[in-house]
Amino acid sequence: VELPLAFNDQLFIQLTVNGVTLGSLYALIALGYTMVYGILKLLNFAHGDVYMVGAFIGYGVLSGLGGPLSPDLALAPLILLMFLAAMLGSGLLGVAIERFAYRPLRDAPRLAPLITALGVSFFLQNSVLLLFGAQFRTYNSFVLGSPTPELFEPGPLIDPVFKIRGVNIQLIQLMVLLVTVALCVVLTLFVARTRVGKAMRATAYDREGAMMMGIDVDRVIASTFFISSVLAGAAGVMFGLLFSQVFHFMGFLAGLKGFTAAVVGGIGSIPGAMLGGLLVGLTEAYASGYLGGRWGDLTVFGVLILVLLVRPSGLLGSKAIQKV
Amino acid sequence: MDAPDQQPRVGVDDWVAQHEDRVDQKTGLAGLRRRLGGYIPPPVQLALFTLLAATLPFWMDRGDLFAYGIFTLLYILLGLGLNVVVGYAGLLDLGYVAFFGIGAYSYALLSSDHYGIHWPALATIPLVMVGTALVGLLLGLTSRRLLGDYLAIVTLFFGQAFVVFVNAVNPIVHGQGLTGGPNGVADIDPLRFFGYELTTRKQQYLLLLGAVVVVLTALHFLSESRTGRAWRALREDPLAAGAMSIPVHRLKLMAFAIGSAIAGLAGCIFATVLTAVSPGNFGLPILITIYAIVILGGIGSLTGVVLGAIVINVSFQFLAPENPQSNARVLFYGVLVLLLLLTVRPRWVGAALVGAVLAFGIATQAIVEALAPSWTGGSIVQGGRLGGVIGDWAVIPSGHGNFGNVAYVALVVAVIVVTRLHGWWQTAALVPTVYLAAIVWETSFVEQPAVARWILFGALLIGLMTVRPQGLLGTPRVEIV
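So the sequences go chain by chain: A and B. With our numbering, the residue at position 211 of the first sequence is 211, and numbering never jumps. With our numbering, the residue at position 212 of the second sequence is 536, and numbering never jumps.
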């Protein structure tokens, strides 16, 4: 089948593939923002740094198990272990952040938790800087699983496995997409079908009402933070595998973009976060591809401001009606 | 915990309780603060501040005047501008630092060799202030449709967009980047008034002091005026303010414009004092610093901004990498001891704690020395007299590479544990925690004071907010349900 001319463009398809991969990461981060905002009406500025810590936990597991050149485990269990450790570690970190920075301020003026969020973000960033230093730490997914690691030959993780009309699709990109879709499906089912998910929706809808119905709101909020941080941790490891390097400042820009995704999709809406993530990822990929790399960030911010001015509650968000 | 008679009583809300509180004279530090802040009339406060600040150039050397004097005044100016937007009008503007940047860059481009334009300062500064006020007005227009958090997001992106723009996306004009890209603009003219150039640090400092005093006075009158009262009404409840026929949108725009103009002024002075600007000067850290100043002092309080700026800048300069580390050490231990003495009640427990920490340290040091001498063999970085004493007291290993990192993680865990305990258990757990803090300082922080200061800064923001959400001198919100 011949594709229409515009879509036959090799660059376009390549950018789309990259954009969808990037968008998956943003969607996972955006889900965290959106869930926390939905339940607490709180902008969790520290979320980007939880993602960064997740990436560093993955790095810690990798280098603790012999490093990418000579891992002690086979490739599949190694990566599985990295994911599990990063998700669990970030999840616990998220719960701790909620407990110490946000819970004491739950009834304080809106500004106060925003400031503690900035404080947490600063604390995490600089703690990692203190512990790991300012240099880039490399996952080296180029070497990971390669048949001859000492020659730095591309391994199966990075090897282009599909070539469609000259477009390279890496195995790792497919993996990122699959993991993201799987996590999104699990999350949607969790929120829609389980008791805890039901309690979350009730708390998001009306916290006091939920409390009166016998829902342990503190626990629901803690589990929301746990789940959103688990997603961020997974995204962090995937970033490391995808781009091979992690650094202490990576959470800021990624957090900002994940946040953009959440807002564009309509903050508080779970499908909105997924849609927004894809949109932001594609926008960034196209803008950097066609206009040059430095335009990527600026275009994303511009799109956000436009969307907000036209639809202040985002694409899929429900209009906030203020009752007095 | 609260004594029974301090708990809120039925029918008495926070505000009433506070008033009753204020009537009974408080003793100690809280009372002193109240007497100082509450009973000295603002003109006297201003005069005192001006007089004290004006003596600075006569007893400080050039470098100190630059680091402590000029930077504190710059932070005060920036804090005052932000205080108008956030403190008075309650608009969460996270792009504030961009106005500072726009002011600095405009001044730089209008009076440097970058384009060969050299306007006199008397023309440039008012023009830049009007310009930044207009940009502020434009950004403020978004506040018509976007409320609360959404406004915060859009302004945050505005700030980021500014940094990206001056850094990377630079249209080429006259064969060079519009704003000089990552290198910024260098060789900016000194301030020139009527053919007289302000070049020495002393002159710059006094000019800056004049600007701060003028802005302080103007803001004081503004906040006591009809507009100021309307802003506070807007901050407390925009809907109710609108219902009282207060022109909500106009007031928001005014707050944005005035705040931005002050930031623009600060930017001009910043550019001429540093004689160079680059994108790195206008990033997120400075935004957070300004917020910390306004919040530490208490949102909406002019005295608070001044105090906050002094506290933050002085502690920053103490922890600056180029400062001798023995100074930072004195500050660190001083604050640690003060915190124990001031916050632990009753007072004698605090004093006993300090003693207990000292004894604990001596005992631990002796035990470790007996068991494994290599663990105490490390030496203090840039000791000084205090450092010599600490070296015999704290466990500082030599040749255990990761010890600092392990100790840091352990300290974070210990602090978390301490906050979860209650009563005597908590007091007892404080002793090893404080000792651990000293070890972490000596093994890990002292080598990277620039990183350490941001960590302490983040912790300070979290701690202060959870203990006093309204800041040190701020008035708590009156919540009437």
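Bear in mind the hints are in silico, worked out from the structure with no lab data behind them. Idealized CB from N, CA, C, for every residue including glycine. One or more of the hints may lead you astray.
Far from chain A, by Cβ distances over 10 Å, these chain B residues were calculated [claimed, not checked]:
{"no.": "1", "residue": "Val368"}
{"no.": "2", "residue": "Arg469"}
{"no.": "3", "residue": "Leu695"}
To be clear about the criterion: a stretch of chain B counts as covered by chain A if any three or more of its residues have a C-beta under 8 Å from a C-beta of chain A, and this derived list gives those stretches [said to hold, decoys possible]:
{"no.": "4", "region": "654 to 661"}
{"no.": "5", "region": "771 to 785"}
Simulated restraints, written as ranges between beta carbons of each label pair [stated by the list, open to error]:
{"no.": "6", "chain 1": "A", "residue 1": "Leu84", "chain 2": "B", "residue 2": "Arg386", "range": "56 to 62 Å"}
{"no.": "7", "chain 1": "B", "residue 1": "Asn729", "chain 2": "A", "residue 2": "Phe12", "range": "43 to 49 Å"}
{"no.": "8", "chain 1": "A", "residue 1": "Pro271", "chain 2": "B", "residue 2": "Leu458", "range": "39 to 45 Å"}
{"no.": "9", "chain 1": "B", "residue 1": "Leu458", "chain 2": "A", "residue 2": "Asp218", "range": "43 to 49 Å"}
{"no.": "10", "chain 1": "B", "residue 1": "Phe382", "chain 2": "A", "residue 2": "Asp218", "range": "44 to 50 Å"}
{"no.": "11", "chain 1": "B", "residue 1": "Thr599", "chain 2": "A", "residue 2": "Leu291", "range": "30 to 36 Å"}
{"no.": "12", "chain 1": "A", "residue 1": "Tyr290", "chain 2": "B", "residue 2": "Gln750", "range": "34 to 40 Å"}
{"no.": "13", "chain 1": "A", "residue 1": "Phe132", "chain 2": "B", "residue 2": "Ala542", "range": "44 to 50 Å"}
{"no.": "14", "chain 1": "A", "residue 1": "Val186", "chain 2": "B", "residue 2": "Val659", "range": "43 to 49 Å"}
{"no.": "15", "chain 1": "A", "residue 1": "Arg193", "chain 2": "B", "residue 2": "Trp748", "range": "43 to 49 Å"}
{"no.": "16", "chain 1": "A", "residue 1": "Leu69", "chain 2": "B", "residue 2": "Pro514", "range": "54 to 60 Å"}
{"no.": "17", "chain 1": "B", "residue 1": "Leu695", "chain 2": "A", "residue 2": "Leu69", "range": "43 to 49 Å"}
{"no.": "18", "chain 1": "A", "residue 1": "Arg110", "chain 2": "B", "residue 2": "Arg669", "range": "57 to 63 Å"}
{"no.": "19", "chain 1": "B", "residue 1": "Leu665", "chain 2": "A", "residue 2": "Pro271", "range": "51 to 57 Å"}
Now the hints, each set against the structure:
no.: 1; hint: Val368; in the structure: 31 Å, holds
no.: 2; hint: Arg469; in the structure: 5 Å, violated
no.: 3; hint: Leu695; in the structure: 27 Å, holds
no.: 4; hint: 654 to 661; in the structure: violated (count 0)
no.: 5; hint: 771 to 785; in the structure: holds (count 10)
no.: 6; hint: Leu84/A to Arg386/B: 56 to 62 Å; in the structure: 58 Å, holds
no.: 7; hint: Asn729/B to Phe12/A: 43 to 49 Å; in the structure: 47 Å, holds
no.: 8; hint: Pro271/A to Leu458/B: 39 to 45 Å; in the structure: 40 Å, holds
no.: 9; hint: Leu458/B to Asp218/A: 43 to 49 Å; in the structure: 48 Å, holds
no.: 10; hint: Phe382/B to Asp218/A: 44 to 50 Å; in the structure: 57 Å, violated
no.: 11; hint: Thr599/B to Leu291/A: 30 to 36 Å; in the structure: 34 Å, holds
no.: 12; hint: Tyr290/A to Gln750/B: 34 to 40 Å; in the structure: 60 Å, violated
no.: 13; hint: Phe132/A to Ala542/B: 44 to 50 Å; in the structure: 47 Å, holds
no.: 14; hint: Val186/A to Val659/B: 43 to 49 Å; in the structure: 47 Å, holds
no.: 15; hint: Arg193/A to Trp748/B: 43 to 49 Å; in the structure: 47 Å, holds
no.: 16; hint: Leu69/A to Pro514/B: 54 to 60 Å; in the structure: 57 Å, holds
no.: 17; hint: Leu695/B to Leu69/A: 43 to 49 Å; in the structure: 38 Å, violated
no.: 18; hint: Arg110/A to Arg669/B: 57 to 63 Å; in the structure: 31 Å, violated
no.: 19; hint: Leu665/B to Pro271/A: 51 to 57 Å; in the structure: 55 Å, holds
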